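Asker: In case you want the letters, here they are:
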Amino acid sequence: MENFDVDTKEDSRLFDTWVKGDPKAFEIIYTKYRKRIFGFLIKMTSDKGLAEDLLQETFFAALRNAHQFDRNRSLLSWFFGIAHKKTIDHFRHVKVENDHQLEARKSIGSKIDTPDIDTSNKHLREIINEAVQSLDPLQREVFLLRELGGVAFKDIAAMMNCPINTALGRMRLALKNIRKELEKRGVHGV
Amino acid sequence: MECNVWNEKGLLHLSGELESMHDREFLRHVEACSICKAELDACIKEEKAFFTTDMLGVEPSTAIDEEILRVCSRGIQPIVSTASPFSFARKILVAVVLLVIGFGGGTYFVSVKMASQSTRGDLPTAMDKRTDAQTASVATTERAPAAALDTNEESASLDSLPQGGKKKGNLSLQGVYPVDLNDNE
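Protein sequence lines, in the order shown, are assigned to chains A and B. Following numbering that gives the first Met the number 0, the numbering of the first sequence begins with 0 at its first residue and continues without gaps. Following numbering that gives the first Met the number 0, the numbering of the second sequence begins with 0 at its first residue and continues without gaps.
For the record, the hints were derived by calculation from the structure and aren't laboratory data. In this text, all values refer to a predicted model and were calculated from it rather than measured experimentally. Even glycine gets a Cβ: it sits at the ideal position worked out from N, Cα and C. A couple of the hints might just be wrong.
[To be verified] Example chain B residues on the side facing chain A (calculated, C-beta under 10 Å, incomplete):
{"no.": "1", "residue": "M0"}
{"no.": "2", "residue": "G9"}
{"no.": "3", "residue": "P59"}
{"no.": "4", "residue": "S72"}
Could you build all of it, start to finish, from the sequences and the hints given here?
Answerer: Right, dumping it as structure tokens:
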């Protein structure tokens, strides 16, 4: 995961201030992490409307369960844990996970709007997102939790209810398959 | 080609989950293993260039941003009761008064309804019951011969009457017919 100031102590301080009712603290937290969480949700669901609903539910749940947050852990990982659970609960309820996977393959990138990226990167971004969307769902899940959420592999294993070696194996396969897809589309290494 | 050391420890090293002793061992191995070195370099570059917030992250809509900020910015609001003790007592008093009115009104209504029904004759009284009993006994007496008449298939035929004999009325009743005390047969 990229290093972009994941300062656990600063996040915990902001979190406590937010919970006590400081709107500015929440605005900072939300602005910092919303793209990552929403990116995760939209790639897991391939549905912008649904992803927005789940984004709302994630933050509402975070507020309701603020007392459960371990200040020694990463706030982003905690948000991702909640977002992951909301997504799984939704699919369990709807029982259309296979349909979503099929739709993901059919509508790769078509529902993902990227007005904030300049044109030069837009093509590369589309290729990368297509490569991610083409992954096996379990590989995609591990990959997104790790790369977007910075979630530790032991936490990923707990979330996905699998051994840590299984999570590591899925991540290795995800990286291998993404590289293959990038090479197919003319992106050779960095 | 793959290296087992990379498979076991490579990604854990990148995520910072290896204990420091194992991490140092892994880095020493990487210096000596071209496969692990190439893999580690590739992962670091991919993370910096491809797997970033700009590439993988997505902006939510402004509307959803505003909604989430509106609801969540307030933090957890404590529940503060603004009711005074007097207002609680007042509520109890009003509830009791309403209960009494409701009960009293209901009872009055029912009694008025019953009185009007008895005046119209809708309700059976003791006199009515006696009259009913007498009517019932007369009805029973009249009904029995009629019932016998209905069930006796032979009774309607005049041929069944004894020849030359006096007809005992127009009907041949099974054991029940007007007795002619002057009958000399």
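Asker: Would the stated hint for B/S72 survive a check requiring a Cβ distance to chain A of less than 10 Å?
Answerer: holds (3 Å)
Asker: Hint check: is the beta carbon of B/G9 less than 10 Å from a beta carbon of chain A?
Answerer: holds (8 Å)
Asker: Taking 10 Å as the limit, does the beta-carbon of B/M0 come near enough to a beta-carbon in chain A?
Answerer: With a minimum Cβ separation of about 13 Å from chain A (threshold 10 Å), the hint on B/M0 is violated.
Asker: Have a go at the B/P59 hint: is there a Cβ in chain A nearer than 10 Å to its own Cβ?
Answerer: holds (5 Å)
The structure fails to meet hint 1 from the earlier list, while all remaining hints are met.
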